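Turn these sequences into a full structure, and let the hints steer you where they fit.
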Amino acid sequence: MSELPILSILLLCPLVAFLVTLVLPESKATAIKAVNAVAGLVTLVLSVIVWAQYDETAGGYQMVEDIPWVADLGIRYTVAVDGVSVVLTLLNAIVFFTGVLSMWTLEKRVKEFFAFMGLLVFGVFGVFISLDIFVFFFFYEVAVLPMYPLIAIWGSTRKEYSAMKLTLFLMVGSALLFPGLIALFVESGGQTWNLVALSEPGTFSEGFQIFVYPLLYVGFGILAGMWPFHSWSPIGHVAAPTAVSMLHAGVLMKLGAFGILRIAIGVLPLGAAYWAPTFAFMATVGIVYGAFVAMRQTDFKYVIGFSSVSHMGIVLLGLNTLGIDGTNGAVFQMFAHGVMTALFFSAVGFIYDQTHDRDIRHFGGLVGQIPVASSFFIVAALCGMGVPGFASFWAELLVFIEALRVFPLLGIAAIAGLIFTAAYILRVLGQAIFGPKNPDWDHLVEPTAWLTLPRIILIAVLLFFGFAPSVMLDMIGSVTGGK
Amino acid sequence: MSHPELFCPEFALLLGALLSFACAAIGTKARTAWLVSLAAAIITVGTSALALPYQGHPFATDIYAVDSFSQVLKLGISLALAFAIAISQRQDSTRASARTEVHFFFYLSALGMMMLVSATELLTLYIALELSAYGLYILAALHRRERLGSEAAAKYILFGAAASAISLYGISLIYGAAQTTYIPAIAASGGSPLLIAGVVLTLAGVLYKLAAFPVHSWAPDTYQGAPHEASTFLATASKVAAVGLLLRVLSMAGGNTEHLRTMLIVVAILSMSVGNLSALFQKDFKRLLGFSAVAHAGYLLLGLLSFSKLGAAAAIFYVLTYVPIVVCAFLVVAAVSHNGANPSIASLAGLYKRSPFLGLVLLVAMFGLAGIPPTPGLAGKWFLFSAVIDAGHLWLVLVAAVNATISLYYYLLVVKAAYLDPPGEYPDIKLSPTYSITAFVSVALVVFMGFYPAPIWSMASSAAAVLF
Amino acid sequence: MSSTSIGLVLLGAPLMAFFVALVVFRKNHLAAMMTVLLSGAATCASAVFLLATKGGTPAEQASRAWIHAGGTSIEFGILLDGKTLIMGTVVSVITLCVQVYSLSYMSHDPGRGRFFAFLALFEWAMLSFVYSPSLMQTFVFWELVGLSSFFLIGFWYRKPSAIAAAKKAFIMTRIGDVGLFIGLILLFQTAHTLDIQTLNTMSVATGNFDSGRIELITLLLFVGIVGKSAQFPLHTWLPDAMEGPTPVSALLHSATMVAAGVFLFARFHPLFMQAELTLTVVLCVATFTAVLSSTMAMVASDMKRVFAYSSISQLGFMLMGLGAGSLFAGYFHLTTHAIFKALLFLCAGAFIHEYGTNDTVAIGRAGARKLRVITLGLIIGGGALAGFPLLAGFFSKELIIHSLHDKPLFLAGAYLASFMTAYYTFRVIFLVVFPNQDSAVQVEEPPADSHDDHHSSSLPLHAPILLLTVGAIAVGWFGDSIASVLGLVAYHPSLPEMAPAIGVALGGILIAWFDFGRKSAPQTGFISKLAPLHTLFKNGWYLDVIYKKLFVGAAQAVAGLLFGTENHVLDKASDMLGQGTLTIGETTGKAQSGRLPLYIGLAALCFSGAIIALGLEMMR
Amino acid sequence: MTLEGALLLGLMLFSLGLYAVLARRNLIGILIGIELMLNAANINFLAFNYFIPTDPAVAQIIVLVVIGLAAAEAAIALAIILKLYRQRNSVDVDAMQLLRSTGAEASNE
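Protein chains in written order, with our numbering: chain L, 1 to 483; chain A, 484 to 951; chain U, 952 to 1571; chain C, 1572 to 1680.
Don't take every hint at face value.
[Stated by the list, open to error] Some chain C residues close to chain U (C-beta under 10 Å, calculated; not the full set):
1) 1589
2) 1592
3) 1593
4) 1594
5) 1595
6) 1596
7) 1598
8) 1601
9) 1603
10) 1659
11) 1660
12) 1664
13) 1665
14) 1667
15) 1670
In case anyone wonders, no lab produced these hints; they're calculated from the structure. Quick caveat, the model's predicted, so the values are computed rather than measured. All C-beta atoms, glycine included, are put in the ideal place defined by N, C-alpha and C.
In structure tokens:
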């Protein structure tokens, strides 16, 4: 291979950051942060390069690297990107970089924090670019487990309980994936774990597909916050520290949706077609349910947590339409929701770091006291409501277009969910950000330039793709054929 | 004895045994005895590694096979031995009077285990089984708190002797059914019902070694009551030998595996479930590891009950990777232990601060046992599950995976204690160089095998190829 | 200059103003000046477009692909045809007027940088909405005007009532938006395009669409219109929206934004014309709304609320005209209404600003008529609204009434509504011009809109009022030009045709004179003699209360139910599962009792069981 | 005497031994039970060897070796039991309750 193995380099970046972090002494906190920030920046640059280098007209998997890993068993380290991976890789890099910057003020056990975070990011990158099922699952598990210490050590409200609950839920998902994924290998004749090869039509009988599909869908779906297996997610959000919430909602939940798209639907299209109405129904319930439950929450992060359930419902609904626009919209929504939720948590985290309070009833008129910090929250809220001008609008639009075609009733219900989405988001805005001033919080200060930078980046990304959605859709469309 | 070089690992062990016996006889200082036996153990590892490619039959009759199956497992046993002896540097859980002598029993038992994985004849096998057990019986009795040690040993030996008696009864039936004691010949004899009954009964002693249900109950008690290094050895070497033994015994059934498989499925499920569920409530770290060992016996059985090359390879791979992972766990036990007392989970509090490296070692151990990458635990489970699905038992994998989820709970509780709880009044821990090196080697092995399982897999695969 | 570059100025300038003002929002003066200047540029651009056109020139479109969906591309750009040219010019001119007015009106508000930023955002969104060549762009900016409306209503974010009003406005219009959105997607799936010109061409030729489908789609679009243009039953947000600063009420909530719904109807007039059922629904809703809101306007004491109800009613009028099939009547009324209603609000704002109260009676008693220019504006604007002959509203309303001539029921409704319009408009005028200090009327509401006690009657305040006053007199005479730009021929009703309407209007004025104008008038209005009716009207037919009880209550109840489900069922279930596992674990763990005979017994039991099972199996 | 008879004898001896293991409270008694079980296996070996014509040396060798192993095992077991007795003045099996799952940290008493 004469070309630079750019994907492997991208993958190694967080790993190198992890190792350097392990070597550096705890006392050099700034150096540790700097190392990770640099790693984040490098991954960001690399993923932009990957985006630029990816040939959208050719489509398919590109930048393939293929090395045998466990040769006897047909396991190969095969990494490559298609349009969807490119988008999600960029998302991960953005969230990683901004996450590191958002934790710039961290003082407690800095070394371990960034070590776990580097490991997590490493795993996420690995998932997005692997084509081999074993390698995919390997990275998948690498990405999931650091959540436990990250939440349990640096978290807040009921952190140990939440961390344990989150981990066990995700492992139950893995428990379903184990038989499902391995069955693919065995049923296909025990020769290859390669997703492309397994996706060949005719590899699996319809009966087998119908049998195995729910294992994979639910297994991945748990991580994607699928109703009714979502309850780990808001709890985890509430307990997690800022950057971890950002990663959790920003990229980790996307792993689940990505797994559904790439493996469950990609390899088992007949199974997907059989189960689509059922799972689309559950996704729609998730959309409406999440919005309603969010309406009653009093904790900032619970609201966002349930909004994630609702928004991920849109992703799952889009995937279950099995159509071009629906899939495009779902992937776009993964990206948009990732960035938006990162912004949300980043904004809330900033407020929480100063106040140690997240009860929306204790706040009021924050926009008068800290207009810049509040405006980050407002922007995220607008994006969450699907206001045009932000990326999520287009994503939701596409999903709804397809949903209304394929499942008219579910589509209407999902669109009606927008009303309740507006209701719960405006409730928070009206209660905490606007409204009469609460003098308790007069002492709050605006973010410094370093803390503003990550939020500005996130907003810029949201606006950019809100104004120029075709940049994104051309990339995603190179996979789905939606160009 | 036509080819003495085929015996090198055994010779190395014998040498170690003699040397440590000499130390004991002369009455050297415990430290000297330890150094001598460590050196011998390292030599054994080296010899075993060198002997990996050896093949042949050292005796005229076919009672003892040296092939890649036996050699791979011997390497595993010698590694376990070396790690256990390295851990025994800090012998403060061993009775003071026995500190010089203790190593001899390690060697004796290891020798029995090596014979065990090479034995291809029933009497040889039974002798090796007994030989490997005797050393362990004595080792178990040497805990510094004598009441603890003797109780652990008494339970271990009485239960063990009963199990081995059942086994012997089974062997007598096998002999009656096949009229020969050579395992390959028995396998070829066609698997009559009497033979299957014999194999089932023989399993008693074998599953006992593996610590699988229903002969698992000694494991938590003995792990808890034995000195740390003895528990380490028990948990690692014994498991490796048991896998080899089990594969040999099961191979006697010939093609008639249907009923055995059903039974093994039941045994595997019960081992996993009983082990994992019971571990949930344990407060004593060693006892928790004992139950975890029961659960892992269940996982190992998944590979064995597949009766396929893939399954056997997966089980061998699993047990080989299991050794350094468990060594990591017991290293933490030995290092944290104060005056030889068993550490409770609570006493791991603040380990991340008291000794950051030890904290990492514990993390690797727990993730490894739970099957979380980048440890080989994931690959091991993956291969085992592949074998099971290949054999057509999808739902069994589901059961096993749910079990793995349950196990994560108590492993995470340990991690929680080490990483979350404040150290309180527990003192900082200063690792001795030996411990640091041992820990480093085992962690490095674990992480290497986790990222790159291919070499171990090809070893395991070639070993399995001998039987299938 | 090509139309593309002018279009760039038209849409780019306000957007730039928004971003600049947002960045420098702390420097209020700079933000305000930038906004006004850039807004002036946009106004010029729209005027250039309008003046460059001649009647009946074919539509011009400049656009580029925005996104691909459904196998086709959706365009973003500008479309220049009669409807957009007129509406665009009206919007930009009134926006400029209001911005200039705000320079004075908001001059002492500490947050006016933000205020101008959102005005600019509104202008950008509204112009992009109006000039939109595709339904997708229409929808996008339809949403964005709603968003700017949210921010502007809630501009005084410390006031809970303002925030509540902003939320209410956003959510109620969003209910309509959901209908519009579904309609839009259905239309897209039916026609496979969202291009407005193509859609209209397609719908003119019958047979392109299934009629049932068209009725469904147009009904859904109408739901959106009902939300945005505050028609019954989604009208209740508009009166509350008066919590925003008065310039906002003038610009968004009377003249332009709320007219977006009407504009959308006009935009898709050919499509709506294909749907009989929808047209009937539209007429019913519009007529009912016009009457309903007029009754409320008759008794409201807050001057801004009177005009807000009046806006609802006039929007109903426009939709009646359009629904009856007369594009010109509706569109003409839309234009004239924008001007005179903006004028009325600016006048109201000036009074409120001066006297620190919203209450009409209080304003009158405070001597409001001393502000001559403003009082003049109020009288002219009010006359136009009431349909006083020869003023702007007169012509357009006549056309609407004429378009209803073959629908007696709706015609009766129109007469009733225009009678009440004349009555309540002149009620306000008389209360201001002839205050009766001795009347028994109590000032009901506390001062609301007074944000400071600064008084200004400077040029920025008066110039827009004067300009609009002139407009309110003159625009009525330009019906023919407007029709020609639209490519239509204006109808001129004859005097006998107009007589009943004139009579009704004058009758309304006369009764208003009797109740409020003449000396020693009671100034309470005839409605107050019918106490139950008065209470009913005063409380907006209790619709707010009903909605609150019914819909908000229901939503809250569902939320509560699901909240409980989450906490006590779903979350609890997983907790119980975990707890159950732990309990089993405790049992199996305790079974490890330390008793050796039990250990061996278990093993013996299992092995003998296995042998027996094996034996039984073999014997079979 | 037939093969069946001999095997039945072995089975009975084995069962008696097992019964002793399970029922005896005394550790020595348990040990003796185990010896009975081992000897039951020995009877089997010899019976098979006697009634089924194979190489006659095999079973005899096995039996002799097993007897030797049993003796060694008994020696170790007795040593451990003796030690236990010294500590507790009892060889009652129920006295061995130190190592059990109680939730308490037994080893750190």
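Hint-by-hint comparison with the structure:
Proximity of residue 1589 of chain C to chain U holds as hinted, the smallest CB-CB distance being about 6 Å (cut-off 10 Å). At a threshold of 10 Å, the smallest CB-CB gap from residue 1592 of chain C to chain U is about 6 Å, leaving the interface hint in force. Restraint check, residue 1593 of chain C versus chain U: the minimum CB separation of about 5 Å is within 10 Å; hint holds. Interface restraint check for residue 1594 of chain C: the shortest CB-CB distance to chain U comes to about 8 Å, inside 10 Å, so the restraint holds.
Checking residue 1595 of chain C against chain U by beta carbon gives a least distance of about 8 Å; that is within 10 Å, so the hint holds. Evaluation of the residue 1596 of chain C hint against chain U yields a held restraint, the C-beta minimum of about 8 Å falling below 10 Å. Look at residue 1598 of chain C: its Cβ gets to within about 9 Å of chain U, closer than 10 Å, so that hint holds up. Nearest Cβ of chain U to the Cβ of residue 1601 of chain C: about 8 Å, under the 10 Å cut. The hint holds.
Of the supplied interface hints, the one on residue 1603 of chain C is violated, with its beta-carbon coming no nearer than about 14 Å to a beta-carbon of chain U, more than 10 Å. Checking residue 1659 of chain C against chain U by beta carbon gives a least distance of about 14 Å; that is not within 10 Å, so the hint is violated. Look at residue 1660 of chain C: its Cβ only gets to about 19 Å from chain U, farther than 10 Å, so that hint breaks. Interface hint status for residue 1664 of chain C: upheld, as the beta-carbon distance to the closest one in chain U is roughly 5 Å, under 10 Å.
Satisfaction of the interface hint for residue 1665 of chain C is found here, the shortest Cβ-Cβ separation to chain U being roughly 7 Å, below the 10 Å cut-off. The restraint placing residue 1667 of chain C at the interface with chain U holds, with a minimum CB-CB distance near 6 Å, inside the 10 Å limit. The interface hint given for residue 1670 of chain C is met, as the beta carbon of that residue sits about 6 Å from the closest beta carbon of chain U, less than 10 Å.
Hint check: violations occur at hints 9, 10, 11; the rest are consistent with the structure.
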